[in-house]
Structure formats: C-alpha cells, structure tokens
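Both chains are given apart, each in its own frame, so use the hints to dock them into the complex.
Listed below are the residues making up each chain.
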Amino acid sequence: MTTPAHDPALQLLVDRVKSARAAGAQLCIRGGGSKDFYGEALQGELLDTRVLEGISSYEPTELVVTARCGTSLAELEAVLAEKGQCLPFEPPHFGEPAAPTRARGATIGGMVAAGLSGPSRAAVGSVRDFVLGATLLNGNGEVLSFGGQVMKNVAGYDVSRLLAGSLGTLGVILEVSLKVTPIAAATLTLRLEMDQATALDKLNTWAGQPLPLNASAWWDGNLIVRLRGALAAVQSARTLLGGDIVQPEFASPFWEGIRNHDDEFFVGARAAIGTGAALWRLSVPQTAPPLALSGELMLEWGGAQRWLCSAAPAALIRDAAAKVGGHATLFAAQNKSAGAFAPLRSPLDRIHRELKKSFDPSGLFNPGRLYPGL
Amino acid sequence: MNAPQAVAAPLSASAPGPLNAALSIEVGERAQRQTAVVAALAESLPPHALLWHREDTIPYECDGLTAYREQPLLVALPETEAQVAAVLRTCHRLNVPVVARGAGTGLSGGALPHRLGVTLSLAKFNKILKIDPLARTATVQCGVRNLAISEAAAPHGLYYAPDPSSQIACTIGGNVAENSGGVHCLKYGLTLHNVLKVRGCTVEGVAVEFGSEALDCAGLDLMTILVGSEGMLAVTLEVTVKLVPKPQLARCIMASFDDIRKAGNAVANVIAAGIIPAGLEMMDKPMTAAVEDFVHAGYDLGAEAILLCESDGTPEEVAEEIARMEAVLAESGATRLEVSADEAQRLKFWSGRKNAFPATGRMSPDYMCMDSTIPRHRLADILIAISAMEKKYGLRCANVFHAGDGNLHPLIMFDANDPDQLHRCELFGADILETSVEMGGTVSGEHGVGIEKLSAMCVQFAPAEREQMLALKRAFDPKELLNPGKVIPSLARCAEYGKMHVRRGLLPFADIPRF
Numbered sequence: 184m185t186t187p188a189h190d191p192a193l194q195l196l197v198d199r200v201k202s203a204r205a206a207g208a209q210l211c212i213r214g215g216g217s218k219d220f221y222g223e224a225l226q227g228e229l230l231d232t233r234v235l236e237g238i239s240s241y242e243p244t245e246l247v248v249t250a251r252c253g254t255s256l257a258e259l260e261a262v263l264a265e266k267g268q269c270l271p272f273e274p275p276h277f278g279e280p281a282a283p284t285r286a287r288g289a290t291i292g293g294m295v296a297a298g299l300s301g302p303s304r305a306a307v308g309s310v311r312d313f314v315l316g317a318t319l320l321n322g323n324g325e326v327l328s329f330g331g332q333v334m335k336n337v338a339g340y341d342v343s344r345l346l347a348g349s350l351g352t353l354g355v356i357l358e359v360s361l362k363v364t365p366i367a368a369a370t371l372t373l374r375l376e377m378d379q380a381t382a383l384d385k386l387n388t389w390a391g392q393p394l395p396l397n398a399s400a401w402w403d404g405n406l407i408v409r410l411r412g413a414l415a416a417v418q419s420a421r422t423l424l425g426g427d428i429v430q431p432e433f434a435s436p437f438w439e440g441i442r443n444h445d446d447e448f449f450v451g452a453r454a455a456i457g458t459g460a461a462l463w464r465l466s467v468p469q470t471a472p473p474l475a476l477s478g479e480l481m482l483e484w485g486g487a488q489r490w491l492c493s494a495a496p497a498a499l500i501r502d503a504a505a506k507v508g509g510h511a512t513l514f515a516a517q518n519k520s521a522g523a524f525a526p527l528r529s530p531l532d533r534i535h536r537e538l539k540k541s542f543d544p545s546g547l548f549n550p551g552r553l554y555p556g557l
Numbered sequence: 013m014n015a016p017q018a019v020a021a022p023l024s025a026s027a028p029g030p031l032n033a034a035l036s037i038e039v040g041e042r043a044q045r046q047t048a049v050v051a052a053l054a055e056s057l058p059p060h061a062l063l064w065h066r067e068d069t070i071p072y073e074c075d076g077l078t079a080y081r082e083q084p085l086l087v088a089l090p091e092t093e094a095q096v097a098a099v100l101r102t103c104h105r106l107n108v109p110v111v112a113r114g115a116g117t118g119l120s121g122g123a124l125p126h127r128l129g130v131t132l133s134l135a136k137f138n139k140i141l142k143i144d145p146l147a148r149t150a151t152v153q154c155g156v157r158n159l160a161i162s163e164a165a166a167p168h169g170l171y172y173a174p175d176p177s178s179q180i181a182c183t184i185g186g187n188v189a190e191n192s193g194g195v196h197c198l199k200y201g202l203t204l205h206n207v208l209k210v211r212g213c214t215v216e217g218v219a220v221e222f223g224s225e226a227l228d229c230a231g232l233d234l235m236t237i238l239v240g241s242e243g244m245l246a247v248t249l250e251v252t253v254k255l256v257p258k259p260q261l262a263r264c265i266m267a268s269f270d271d272i273r274k275a276g277n278a279v280a281n282v283i284a285a286g287i288i289p290a291g292l293e294m295m296d297k298p299m300t301a302a303v304e305d306f307v308h309a310g311y312d313l314g315a316e317a318i319l320l321c322e323s324d325g326t327p328e329e330v331a332e333e334i335a336r337m338e339a340v341l342a343e344s345g346a347t348r349l350e351v352s353a354d355e356a357q358r359l360k361f362w363s364g365r366k367n368a369f370p371a372t373g374r375m376s377p378d379y380m381c382m383d384s385t386i387p388r389h390r391l392a393d394i395l396i397a398i399s400a401m402e403k404k405y406g407l408r409c410a411n412v413f414h415a416g417d418g419n420l421h422p423l424i425m426f427d428a429n430d431p432d433q434l435h436r437c438e439l440f441g442a443d444i445l446e447t448s449v450e451m452g453g454t455v456s457g458e459h460g461v462g463i464e465k466l467s468a469m470c471v472q473f474a475p476a477e478r479e480q481m482l483a484l485k486r487a488f489d490p491k492e493l494l495n496p497g498k499v500i501p502s503l504a505r506c507a508e509y510g511k512m513h514v515r516r517g518l519l520p521f522a523d524i525p526r527f
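First to last, the sequence lines map onto chains A and B.
Using the numbering used here, the first residue of the first sequence is number 184, and each one after it goes up by one.
Using the numbering used here, the first residue of the second sequence is number 13, and each one after it goes up by one.
Next up, chain B with everything else stripped away, as it sits in the complex (with noise of 0.2 Å):
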C-alpha cells in the first residue's frame, strides 16, 4: 500500500497521551530532546543498536497498517534483556515513551511509532531456548516467528496450535500482545490459550514473570490481561507455549452455496449437530473470484459463498466427522462439496483462504481489512449489510470470514492517493464496527484495536469501562509510558468522536445494554 504521508498528522494530533500537549512541541525542541535520549541510552546500548536518522528510521514508520505512519524519536535494537531493561529505565526516568516492536505485521498499527517515543525493536531476540517433547512445551524468545515454533516441534510430531494467516512472519511476542487467532482457535483455542508462561519488563525495567509452566499460579491471573493488551501494559521478551500432539490426519470439505443466507445456515447447523470443526472459513463471490485467479485452486466461481469445513483427528475420527459434516452441509442446501482426497489437495483447498489477502492486493492499489466479530447467526445479515454499504460508499468489498468464530475480514479496497476514497473508506470501516456491535459482537476479533479502531471503542464502551480499562493500565504503568495513546481511547477523543457521528439520534456512546 502507498498511503499518503499526511495521513499520519491529524490522527497523530488526536491520540491521546501524557504527551499529547507537548505533540505541538517545535521541530527544534524534538531535535534537543533526541539528543538527550540518544545520549543516555548509549550508556547502555552499543552505537550499533541506535537509529535516529530519517534514513534509518524509515523502516519503523508503520506496521501492517501502512495507511498511518510516524517517525519515531528513535529506534533501539537491544540484544540482551539487560540492554532491554536499560533501556526502559532510561525512558522511565526522562518520561519518554517506549513502543515495543516484533515483526511489525500488526493490521491494527499497535506498533505505530511515538513521534517523541523510543521504539523498542525486539528483532534480535529470535532464538527457540528450549524444546521440551515430553513436558509439550517450547520456551523462545519474544522474536520468534510462529510458524518456526511449529517446525522445530515437528520432528516431535508436535506444534503450536494458534496460526495467523501472517504465521510466517509475525513473531510470538506481537501473538501475545495480540491475542492472535488463526483458523483454527475454534477448536484450538487463542494465544491465551496456549501460553503457559510470559518473562519480561515492567515499565520500570524491572524483570517479571506472569504464569508458570504449571497450569495455574497463585493469585490473580494477569495472563488473561497480559495477552491481548498491546504492549500497554508489559514488555514480552520470552514465552513458553504449549504444543499438541499434531493430528494424525486432517481433512477438508469444500462446500458451494448459491445463497450467502444458506452458507450461514450452514455453519450454525453443524455447530448444532454437535460438530466443532478445526476450521470453518467462509468466502463471499468476489473473494473467491479474487483468491482463484491467484492461486487457481479451482474455487466454484459461480457460487455465492464457500464453506471450507475441516475435520482432524484420527484417520477413524476423521472418517467419521467427515460424513457427519458432509450430511449436514447437503441438508443445508449445499450446491457442490468436495472432500479433500489427500493432504496435497487439502493444502490446496486452504491455500486460497491464506492468500485472501495478496489476492485482494492484485484487484485494488490499497485495501483496509477489517476485524470484527459476530454472532454466527447473523453471518447473513452482516454480509447482506455490507452490500448495502459497498453501495452506498461507493467502494467494491470482498469478504473471508473466519466463520466458526464469527469472525469478519471484509477488505475494502480503494486507492489511498485519492483522499476522498481514503475518507470513504474509513467511513466504510466505522460502519461494519458499529453495525457489528449492534448485532452483538465486537470490534475486533483478533488484530486488535492499535490506533486504527480507538474511535469503535467509543462505540462499544460506555465511559465508565473505558475508565476503567485505562485505571487497570495505571495499575501496571503510573506513567502512562509504554505504546501510549492506542487502544482505549480518551474521553475528549470520544467526545469527538461523538459529534461526527450521530446515528439516530443517540451519541454512540449513550449507555447502550450490551448483554
């Protein structure tokens, strides 16, 4: 994506933070206060481990999201813990702000650097510590990748179960400040799930240890809160997950419907029958359209939507669950389905659903994903709203939907250097959040909130939750230090959020009853 520049300023200017009035600060004094963080961090870090010029810090300026980008005052790329925690003891006592960073395939610009912040690269932590096959555990450090977890497991016919469509790139440590989930986490679980144990940092430079390699520790479980927050409220530099004995066999059913409102029938009908598949996807029309010329995996182009239902387990097992989903998905008005005969064609049958995304890419100069998730019984009508929206905003949209969770991904596609498609795009976005939490469901199912969505928060939390959410930060961080401004958005942010966007009448974030 080529997202224009300017883009970064105003959204910048209205994140919130301790810093937020000094934002305005002149380029001059920005300069100085550079100065004086590179100085006291080459303390403790070698030359080799700072970046402040433009030139180097180019690189850093976004993550996934490319459409919001910041220089940050500088980057540092320790490669020990103790450099780590110097380094946070310097930003501690000269209040500047510390954003951590792993592969920075975040779609959420969780990552998004601190234009007077210090970005914190964990690239150098990249080594597998410990695999043990008889405990099914793997300690590694926080910048390994997903998927290298999984093949160094391997030869124990074990592996990580939780798998990112950015599996191959995105490092463990962006998994736990995600709460990444992947297509198998109805069944498998999320990252939280599969995480035993978390060291790292506090904001002060003080090494800590959430969890343990039993199943439980004493006290509160600040696991639960740890993963999915972000980087706001710990630095991660090592974990410990589970493995799972991999599946002696996985199967796959491709199922064609000609009506989107059949499709989701179908997936509520075999979660009824008491089936929970290891994978449940779904595609609309022009997705699959956009996904076959990609991959030519002899998608059904004429029908409405795909279901890609997955069966593992043993070859008994399988056969088993395989004939049960197959009755059901016929019943449900199934036009064609299609079992996977061996694993070549099962990879096959998958590998346009992982590539949704630079398939999309190949149709539309840019494109916005979006990440919310719904009750799977109003798959249909999310899909049909979305319609409505690709109409009214002018804009084409293709969707997968990680349909067992209920999980969205429309992309939108537009062209960023035309700023008038840019706005309508994030028009577009707003829109599918709200209406996703009017249906019941939530903003963001697993990229996380970052600064791309502080706005839908407002939406879904009333005033006091999000206090609330923000004392719960205080808790671990006084200062308010680590990855400041991103997701749980201020009040005066809502406030104008509020003004832009009044819909029936009512401020979105009114108390509105959410259970």
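If we strip away everything but chain A, and leave its shape as in the complex, we get (with noise of 0.2 Å):
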C-alpha cells in the first residue's frame, strides 16, 4: 500500500475519516452497492470506496494478488484467468440480475467485507481461508497492514482475515492480498434425481471419499453435482457416481445462477419476498437432517448450506437451525426487525463490542450493519 502522502485518493480517504470523527458523524462505506440488501440497513454518510481501485501487484507465480478496494470484482478474475487462475471460493457479483458481471458493480472491498463464499465453499474454503494479507483504515485514521503477500504467517493476530465478513464495522478495507489458485484442469456437472434425505446421505458418504467433489445444489428432487479437478480424477468419479452429464453449455450458466442468485429458486425467492416472505440462509453442520420448516428450499455445499424461502416466523427458523448446531441468516426481506444475523450469546457479544471499540472507538463505521450497537 502508498502511504497517504504519496497518494492523493487515500490522503483524502483518510481527511474524511479524520473529519468525521471530529464532527460526531458516521459512515457508510460502499463500493458498487451490489450487496446493499445484506445484512442491517445502511446508515451514515457514503464514503465511496471505489476512489482507491487497480490492482498493486500479481505475481502468477506466487499465487498472490494484491488488489486495492474498489477494484472491480469481475475485472480482477479476468486479469487472473489471462494467466490461468481464479478466485476458487467463487464470491458472489449479485448486482442487476441479468446484466453481465462487470456491470454489477461488486468490488474487491465489498468482497472481503460481505466474507461470502460461491458454490464452492465447501470443497475449497471461504473467502477469509484465501485472505493473506489487508491494509485498513481504522477509528483513528491510521492506516494499518495486517498479514502480507506469503502463504504463511503467524506474526501477531490475523486481522486481516477478521475483516473477512466484518461488513465494514471495523475499518475501511484499503486493499487485500489474495490466494488464488490454478483454474483446474476438468470440470464435470451430474444431474441425479433424488429426495431431500437421501442426497444430504450421498453428499456426506461422498464428501468422506477422496473425490474431486467441487460443488453441489438440491432442490426440488434434483441433486447437481459438480466434479472439478485433474481429468483422470473426474472421468473415475464420473463413473462412481453416476447420474447424467448436465452439458457445459446448461452446467456453467446453472452455477452462475446460483452463485449470483439469479437462478430459478431465487428469482422465485425475490418475487415472494415481494409478497411478505422472507428469504432466508441456514448454516448448519452438513450432516444435519432434513429441517421440518415450511416453504421452498435449496440445499448447498453438501447440505451445510440451506435457503429456505418461507413466511415462517423468524424464531421457529432460528430455533431450528440452533437445535443442529447452525445459525440462521435474513438474507433478503422486506423487513428485517427480527435481525439480519443470529442473535450473539454471552460472552461472544461483550468481546464484538470491545473489538468494535479497539479498532473504531468513535463508532464511525456501518453503525449497525452487523448488529444493532455494533
């Protein structure tokens, strides 16, 4: 990272935090909006994050991308597969349905800050298991560097990989260094009908199999899976697994959709939450059985991720994602009162509030999207 005095955008980054806290005022930092609905709602004056944008540096051949925070998401993973590499956690652009990825606006930044995780979660890790390394602007104005540009390393706490997820409460995320991964060399989509319980069985029994198991999607009767690795490894599980080819042409938009959310199940989800419904996303441990909730449901990542469109009471869902061992998220509502995240337990909501205070004493920063008083 420059350092303020050598770069205009961030000096002026850093005179607004600074100004803020003079002034008692809060802000709201936002890239391209494409994920505005998440989470609580927003509150502040905008600090547009997409000043400070452009990728610093990648070095193919180390793995690593160090990129500043309003650079545009869709941008660097086509810089990266020029050279034959990704993003393997496959984040979400969301945005405008139906317009193509560069123009759904998700950044670097928003990226790290939302801390959500593609199709492939399960198989390859989230987004923070591939942060290496985050500068951040604090409470203070200070501009910070956590982590760096290696695969390893424990000097001091791993902030920057907290700020995966951090929806922006603890700083400005100025810019990541990332992972990335060689794009692999096969990728095979099966298509298998089978109910609820017996592909959650499948997925688990298969997960325990050194399978090129990359991602999975059930719903209503239909388990897709995706197989993604070295071609001898996908043409043997092929074969195990069975089930039919799902086409390239079909399989590569069908886990866009999903990624995106512009799949099937959730457009069908946006026009019921237009109609009071509320679309909801259950993190559970994989191996949990069928949940008896009402309403439409979408299994993924082997079964430890569930969205489940329904007008249930938001207690119900949340008990029932509690009783297994998960959480449950208000992804998209019309109204959220019932609280956008599981509600924290004692003493895990004493320790948020002091972090928040430790890198935000003046609570500049997305007063309340994470938490009311966060």
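Since the hints were made in silico from the structure, they are not lab data.
Take every hint as true, because none was put in to throw you off.
Cross-link-like lysine to aspartate or glutamate pairs, in silico, EDC-like; alpha carbons within 16 Å at most:
#, chain 1, residue 1, chain 2, residue 2
1, A, K540, B, E479
2, B, K209, B, E221
3, B, K491, A, E537
4, B, K258, B, E355
5, B, K199, A, D312
6, B, K491, B, E216
7, B, K403, B, E438
8, B, K254, A, D312
Please read all numbers here as calculations on a predicted model, not as lab measurements.
As structure tokens, this is what we get:
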C-alpha cells in the first residue's frame, strides 16, 4: 500500500475519516452497492471506496494478487483468468440480475467485507481462507497493514482474515492480498434424481471419499453435483457417482446462477419476498437432517448451506437452525425487524463490542450494519 | 540444548506486561505471593494438581526454545474444565498472569513461564471425545497429540491434514495457539483452515465457544484471530477439527540441482505450471549432508540443493501430475530425478527432511531455528544472503525450507556455553528476520513470535499497528493476564531495540510500506 503522503485518493479517505470523527458523524462504507440488501440497514454518510482502485501487484508464480478496495471483482477475475488462475471460492457478484458481471458493480473490498463465498465453498474454503493480508483504515484515521503476501504468516494476530465478513464495522478495507489457485484442468456436472434425505446422505458419504467433489445443489428432487480437478480424477468419479451429464452450455450458467442468485430458485424467492416471505440462509452442520420448516428449499455446500424461502416466524427458523448446531441469517426480506443475523450469546457479545471499540472507538463505520449498537 | 540460565534474566527483565514493575520485587515478596496463590488455588484443586517447589517446576521452565528459561510461580495441572475455570477465576481476581501450556514443543518460547504467574498445564486433557466419520470431524481435548487424531481417524480412511514436524508430540491445543503448518499446507492449509470449533474459557474463567460445526457462524469470525494467538486471547480446552479423506496414493520426486538459483526457479516453475504439489520442500547442501549422515536415505551429497516434490490423489491423478512435475523439474535444470517406487521409498525420501532438526543437533551442541517466510521467487536470494551471514557472524547454518510456501527454517549452529557465540547467533537470527521482511516476507511463518521474535515484530510492524494489536488483545483480556509479554512488543521495547539496531541510518520501525 502506498502511504497517504504519496497518494491523494488515500489521503482524501484518511481526511474524510478524521473529519467525520471530529464532527461526530458516521460513515457508510460502500463500493458498487451490489450487497446493499445484505445485513442491517445502511446508515451514515456515504464513503465511496471506488476512488481507490486497481491491481497493485500480481505475480502468478507466487499465487498472490494484491488489489485495492474499489477494484472491480469482475475485472480482477478476468486478469486472473488470462494467467489460468482464479478465486476458487467463487465470491458472488449479485447486483442487477441478468446484467453482465462487469456491470454488477461488486468490488474486492465489498467481497471481503461481506465474506460471502459461492458454490465451491465446502470443497475449497471461504473468502477468509484466501485472504493473506490487508491494509485497513481504522477509526483513528490510521493506515494499518496486517498479514502480507506470503502463504504462511503467524506474526501477530491475523487481523486481515478477521475483516472477512466484518461488513465494514472495523474500518475501511483499503487493499487486500489474496491467494489464488490454478483453474482446474477438468470440470463435469452431473444430475441425479433423489429426495432431500437421500441427497444429504449421498453428499456426506461422497465427501468422505477422495473424490473431486467441488459443488453441489439440491432443489425439488434434483441433485446437481460438480466435479472439478485432474481429468483422470473427474472421469473415475463420474463412473462412481452415476447420474446424467449436464452439458457445459447448461452447467456453467446454472452454477453462475446459483453463485449470483439469478437461478430460478432465487428469482422465485425474490418474487415471494415481494409478497411478504423472506429468504433465509441456514448455515448448519453438513450432516444435519432435513429440517421440518415450511417453504421452498435449496441445499448447497453438501448440505451445510440451506436456502429457505419462507413466511414462517423468524424465531421458529432460528431455533431449528440452532438446535442442529447452526445459525440462520435473514438474508433478504422487506422487513428485517427480527435481526439480519442470529443474536450473539454471552460472552461473545461483549467481545464483539470491545473489539469494535478497539478498531473504531468513535463508532464511525457502518453503525448497526452487523448488529444494532455495534 | 544446554543453554545457560543466565540468558533468561535480561530477557525477562525487558518483557512488558502489567507486572513489569513488579518483576523487580524481592525474592521474599515473590515467596509471599506464591503462598497466597497456592492457598487460593488449593480451594479448587486437589493437592497433587499444584506444583510450586523448585524441583517440581523445573520441567516447565522452558518449551522447545530452551535458550530461554524461567521458573513459574507455580504450575497448576487441572483435570476438569471446572477446575480450569476455577484457576482462571482465581488468577483473574488476584491479578496473576496465566501461561497455558500443552506439550511444550513450541519453538518460540510461547509457553515460557512468567516468574510471577501460573503455568496452566493442560496435559491431562488428552481424550479423543468423538470421531464422526460421516461428518468427517474429530472432537478432541486440547492435550491430544496431533498425530493421535490421524491415527484415530485412519480406520475410516480419514486423517487430520496439518502435520507439523513435531506432530508425534505436539498437541492440538498448541497447534491452535500457533496456527501450525507442516509440509503439506500449500495444498491442505494451516490449522485455521482445518479447525471448525474451539471450546474454552475466557480469561475470567467463563465458558466460550468459537466457530461451530457449521461452516461459518454469526458475527465476526473470531476463529481467525484466536488461531495463532499464542494463548493471548483465551484458553483452548476442546477442539473440533475437519478430517479429510486419505489420498489413495502419494508419490514423491527427489530432484537434485547443482545451483541454488536453479532450484529456487524450479519451485516457481512448478507453481507457474498450474501444479499445487502436496508437498514441496528444499534442503541445501550442508543440511543434506547432516541428514544423510543421520538417516542414510541415499540423498545426493553432491547437489547444491535438493527438492522433494510430492503428488497425492487417485493413482490416475498422481501418474498425470508426477509426469508434469518431472518435466518441469527437468526443464528447470535438475541434475538427478528419482521418483519413489513405493510407500517405503517415499517415506525414506521424507525421513531426512523430517529429521532435519535432530540431525543438526548431532552436528552442533546447540542450534537456533528461524522461521521467516519470503515470497517464493526470493528463495535463492535469501540463501545467498544467509551464506554471506555465515561468514559475517562466524557461525554455520544449514537450511531446510517449506519451499512451496516460501517458509524458511535456517538452523544456526552455535555453542550456548560460549556467551559470544550465543550473542552472534542472536544477531545472525535477527539479520535473517530483517532481511526476510525487506524481501517482502514475515518474521514468523509457523512457529509463532512468542518471546523469541518480539524484537523482530518491531521491524515488521509500525507503532500504530502494534498498538492496534494490543488493543485487540485487551478486547478479550482487559487486564492483560493471559500470557503477558509475548507476541506484541511494547513501545518501550521497540524503542530499546531501535537504539541497538540502526540500519542504513533508518530506525527499523520507521513507517515502511509493506504492500
């Protein structure tokens, strides 16, 4: 990261934070706005991160890319693809459905702040697993670097990874270094007909075997799985799993649709939200049995992520998730009075408050976006 | 190693922490304090779970970094979670520091006792609570050894991936504290990537749970900072780890190079070819000689550097990948290539690498193991720089690298009975760390900062960054009682270090750009 003295755009951000602090104002950190719907409501004066943009360094043989917060996610992915590399956790772009990904607006800063990962998450890890370093502008207006550009780093607390999913509550993520991986040699999508309980059982059994299982989705009696890896491994797994091959011209848009919530299930969910239902994201142990909740359901991540479009009471859904050892997020809804995220229990609630204070003593950044009062 | 005890005194005296001023208290006062704390803890622990006589606490005076030693005020050996909570509550009330300890194999002094604090030995928490083959998880107590998890999971065709070289002895609780890696972490990740849930206690003795058996949890991802926090944020008692399917087959290539730079480039070329090896390790010539003498694995003694490059997966996958690896290594100028024909030969290839430390121990009365990480493309540069440092400090150094991760383990050989050699060794080590930071790396890849690399932290982090980390600690531990004086150096300590170490006319902790 350059220093504010050498970078007018960065200096402006630092000045903005300092003057907000002096004036007792609050700031709403925002990139392309593709995830405005996520979490609690936006509050504070807009601080647009897109003033700081561009890939700072990319060395394919190091498997590391460093980019500034306002860099377009679509552009970064295109640069990586030119070198045969990718962000294997498939971060969602969201934004305007049907728009080309470049126009959707997702930025690298937003990707880390939201902490969301796509269909391959259960197999390859989440965004936080690929963060190697970050530069942060904290509530004191200080530019701080944590982590680095190397694969292994235990010097001090791993603050850079803590930023993944922090929704901007700890500060302005100025720049991040990410581990990237080679694009796998082979990909194959299969479709199998089965009910939910059978699908969960199969997915868990397969995951215990050395198979190149990369993504899975179950909806309405159909289980779709994606194999990804060396050609030989994909071919032998295909024989073992059975089912019908989904041709690439259908498979690729399908997985993109799951990733960006443009798929039929999510289009239906958005329509239902208009009539008072809510889209819930249930994060549960992969082996959790089918949950007795009413509504339309889609499973992902081998059963560890369950999307539920339902008008059922929030407490009922949160209890069901908690009972099996998970939690439920009110992902998209017209009314989020039940709280976007599952409430924190003691002593984690206190630790959250104290951590927030340690990064942002005046409570400048994204107030209430994660939890009211945080 | 037989390090002189005198070393500990100046080191501890400069250690920061809430009791810094109190460190100078008289022996009599320390004895008084000891009596008071023993009496308070005796209310919740049976007599055999408390050690305070010097002859009983000596086994706890150091961890794997034996150059630094200190006697704890007392050692508590609780047997139940309720007893751990009681020890923490009591210490919190009495403002007594607590240093949690597993197997004591750490290499940075993270478990070095506090002279006025309690060493909390968690050795009794050694039970594997549950192996769930369908969910592919193991729930174990913190004192379970790393390798024991894989052994327990083996009947199900599963194992726990992170494999630090000390895996036969080190505990999972210690692995969580250090975010331990191993030779396979480029492909399989570090401890953080393989831990789902940690149950433990806050400094106040309150039960706390980080993570969950789901893939994420609500709120901030506190697991990211807990793992690798070296016992500074909470006490780990129970860990749920991910188990992964054991690959059907693993094969290893042993490649010789007649030039360090060619070997370094070969590492970059393998990655550039889109290959993520299961393991990619490098040994230099002195290291190869040392381990060959120890294990007789048939290493090429004429090579300037040896690479071990491993592939795992299905037999078809491995055949495909090994062929690609061989081609890249040959193109990169390997002078000799040998592929393991069977499991016995593969293990033989690895035996030297895994025994690098004991083999070095035979060559020198003492050695200091460094642990910095650099960008992979600087491997040859750092080796050449280290070679120059050998002359500068008049000490020998053998090198093993987790080359795939750019993680270096130079082993500086010295005789701790010679104070001048120890001093030169410390300067040598500091030079390696500072050079690593200059090359865009970090002072610790996997062994942790502990007490050993406190000064180096002044080089890597600016004052505001260190202050932020100290504030983060206080969010968990407002009184700074958990393992005080480790990991994050105080301003005063860095100022002191800066006075000693002015390089190129610049203070080492000046605000250097790091990205």
